[in-house]
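Could you slot chain B onto chain A? The hints should help.
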Amino acid sequence: MAYNPLKRGKRLIGTSGVLLIITAAVLLELIAIVQYKYSHDEITKNLRLRAESELRAKDLAIQNILKQVETAVENHVWDAERLLAYPDSSYAVTRRLVKQNSNIIGSSLSFIPNYYSSKGYWFESYAVRRENGAIETMQLGSAEHDYTGMEFFEIPVETDRARWSNPYLDSDGARMLLTTYSEPVHDSSGRLVAVLDADVSLDWLDNILSMQYVSPSSYHILMSRTGQLMSYPDKGKVMRSTFEEVVSEMKDTLLLDINRRMLAGESGMETVSDARGDKYYVFYSPIGGNTGWSLAVVSSENEVFGEYEKMRIRFLWLRIVGIVILGFIVFRFVRNVGRLQKITVERERIGSELSIARNIQMGMLPKGGVFKGSSEMLEIEGLLVPALEVGGDLYDYYVKDNRLYFCIGDVSGKGVPAALLMTVTRSLFRSVSTYASGAAKTVEYMNLSMSDMNDSNMFVTLFVGVLDLISGKLDYCNAGHGAPVLIGKEVSRLDVVPNLPLGVYSDFKYQGQGAVLPSDCTLFVYTDGLTEAKNMEYAEFGEENMIRTLEKIKGNGLLPAELLEYMVGEVNRFVKTAPQSDDLTMLAFCCKRTGCSENGEKIVLKNSLEEIPRLNGFVVHFAEKAGFDDAEVLDLKLALEEATANVIDYAYPSGTVAEIVVEACFDEAEIRFEIIDSGKAFDPTAVADADVSLDVDEREIGGLGIFLVRRIMDEVRYVRSDDRNHLTLIKRKKSKI
Amino acid sequence: MKTTINEENDKMIAVLEGELDTAAAVQTEKDFQLLMDSKGKNIVLDCTGLQYISSSGLRLFLSLLKRAKANGSTLTIEHISDNIKKVFSMTGFSALFDIR
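Residue numbers (my numbering), protein chains in the order written: chain A, 1 to 737; chain B, 1 to 100.
Treat the hints as calculated values from the structure; they're not laboratory data.
Backbone N, C-alpha and C define an ideal beta-carbon position, used for all residues, glycine too.
Mixed in with the good hints there might be a few duds.
[Said to hold, decoys possible] Cβ-Cβ distance ranges computed for the label pairs, FRET-style: (1) A:Asp689 with B:Thr76: 26 to 34 Å; (2) B:Asn6 with A:Ala681: 44 to 52 Å; (3) A:Ser693 with B:Thr76: 18 to 26 Å; (4) B:Lys11 with A:Asp689: 31 to 39 Å; (5) B:Asn6 with A:Thr594: 53 to 61 Å.
[What the hints assert, rightly or not] Subject to a maximum C-alpha distance of 30 Å in a straight line, what follows is the list of computed DSS-like cross-link-like pairs (lysine-lysine): (6) A:Lys400 with B:Lys86; (7) B:Lys86 with A:Lys734; (8) A:Lys625 with B:Lys85; (9) A:Lys592 with A:Lys554; (10) B:Lys85 with A:Lys734; (11) B:Lys86 with A:Lys733; (12) B:Lys86 with A:Lys602; (13) A:Lys606 with B:Lys30; (14) B:Lys2 with A:Lys625; (15) B:Lys85 with A:Lys733; (16) B:Lys86 with A:Lys625; (17) A:Lys606 with B:Lys2.
Isolated chain A (complex conformation):
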């Protein structure tokens, strides 16, 4: 199965997206839980503090009132003991006691049976506050009202200690909740003789209990030492049931436990649940003193934590919304990442393909170097820096048969489209230049080919040149490109006809041009990427800068490679950090005609046919020296004789005496002769070949000489320079194989 990075990446991101959401949710929930726990504990702690403080406050308030009663009773016990001798003073004692404390609604001084013989078996002097505030006193003791068996009398007598009775309901119609404080009265000998009690209304209890609440709906449970309910939300249960009875109905062992603890006078806190599952906090604590009462505060958890719960729910919703939003964001992100990844993969693919394309393009460009002929040396260097990965500039060159074929061009546009056309242009140059005769023909054929298939209306400016390395003769054709610069003693422009760029008109007739490059001068060709290189201020490097730079280094004898390096340095110094705006291409070469230093000889002849044998001797001698066989030597002798005889015959007006120089040199590959004369310009290479197929009657007498020269020699080159004709004849050695 084919590996698909896209699919794999998408799945990975999807999984990690879900994982991210889950992690975020878990984290949020964990934080919430910790926060909840912490807050819950804090609130519970706070609630406990508040409940304890409430219980304490109420305990103190209750105690305060009871204490007043206790003190009042105590004081009057003292009074009663002092007045024991006067039985009727007991009315005054109880009256005063009732009068003194508004919470005391009645008081009785009850004597042990038969204490006063005058009063009979029962004697209980009783004072009571009537509703109008008047205090009445009376004797209550009787057989119907036998107080000796009543709690308020019996227990203090038995224990000989002051005591709060269990609360009870007034037997009168008011059914007021009452409790009685009883204190024993002793005679001077210390015998317990009576009990002084105060009936205390517990009306105030509700006031005190409702004073302060832990929470709005909290309620109180006040129970007596026997578990009798003294205060309870269900008023019907008050004084009718014990807390145990109420609790038993609920069948909650915890409540029974609380009941037990409250009865035992313990304090604490418990959490209980009701039948509906609602939770309640029960705080309980005994009331001080010796009442044996126990008070409990009950708070609903819902209420205590109600607000907090609401908030928690709200936060929960917030978290859910948050997670949903996060999920959405992750989803979008994943989708975008997927898309981005797709784009990235695509971009990487294109990038790598572009990089390969760049390598291919760069690989097409010749690498520069040195080409050595027997008497000349070409040094050449090219440079192409594309602005993008691939570029539309091109240069190319190759050396064949002592000729340098070169071109430099600029395809309209940049990037891949330009690069495609660039490769086409370069390929065309390579193939066309080999068979086309001369630069103009090369350009013409290239243009034909490119115009035909130019649907995208792109064009190429091109400069094509063919340099005869031996003669320095440059045959060139400019197709809308800039003029090359010639760097010799002076810096000058090569004269160019603009013509038209390639790909514009298929039938355009390109005009070729010619020049002779002096030995040791450098030709510099470039694309507008050089002169139009822009700096950060969008200023262009410019032609002037380029010419100035070339002027500066013209005498330094820089090699083409060094020249280009220097120029690139100048351009970089100018543009600084500005991004490259266009492809930068330069080509520079220098052809030195060194002459035959080692294997060179020359002969100077007069313009007379009589010199021919001398020439022939020279040629034979030199050709043999160069290693040619007899037959080849004869051929060479013939060719040289024909070429030289031609000069002697035609170059000079008859009667003039002039010199003809024949230079010869050879290397391992070829032998070369150059015939130099100062006669009238004549290019033998331009003469049509004699037709050797004609019948004897039609054959011309002349014209055979040049024909023979061409047939024998591998190369015949002519250039007119320094007002001289230079005719070079080259014969290559046969391959040894």
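Just chain B, lined up with the frame of chain A:
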């Protein structure tokens, strides 16, 4: 370059010796005048001793051939060396001349 002309019956036999280069052709042309003037006689050029020929020589040969043809006589080239045969071949002279 040496040209020796012998008359035998109806034939003029010219024996060419040496190198017929451009310089020598001047003299050889004069030597050939006898052949040019020999009306009706067939001409034989014995090239056994001819070592070299330039286009000037070829031109003389061609002139001679044209004259002979015009006079209704023949021109035969004998004992030509390989090197010269090659030149003849290059120039298309092989087809024009009767070479033996």
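Comparing the hints with the structure gives:
no.: 1; hint: A:Asp689 with B:Thr76: 26 to 34 Å; verdict: holds (28 Å)
no.: 2; hint: B:Asn6 with A:Ala681: 44 to 52 Å; verdict: holds (48 Å)
no.: 3; hint: A:Ser693 with B:Thr76: 18 to 26 Å; verdict: holds (22 Å)
no.: 4; hint: B:Lys11 with A:Asp689: 31 to 39 Å; verdict: holds (36 Å)
no.: 5; hint: B:Asn6 with A:Thr594: 53 to 61 Å; verdict: holds (56 Å)
no.: 6; hint: A:Lys400 with B:Lys86; verdict: holds (29 Å)
no.: 7; hint: B:Lys86 with A:Lys734; verdict: holds (18 Å)
no.: 8; hint: A:Lys625 with B:Lys85; verdict: holds (25 Å)
no.: 9; hint: A:Lys592 with A:Lys554; verdict: holds (15 Å)
no.: 10; hint: B:Lys85 with A:Lys734; verdict: holds (21 Å)
no.: 11; hint: B:Lys86 with A:Lys733; verdict: holds (19 Å)
no.: 12; hint: B:Lys86 with A:Lys602; verdict: holds (28 Å)
no.: 13; hint: A:Lys606 with B:Lys30; verdict: holds (24 Å)
no.: 14; hint: B:Lys2 with A:Lys625; verdict: holds (29 Å)
no.: 15; hint: B:Lys85 with A:Lys733; verdict: holds (22 Å)
no.: 16; hint: B:Lys86 with A:Lys625; verdict: holds (23 Å)
no.: 17; hint: A:Lys606 with B:Lys2; verdict: holds (25 Å)
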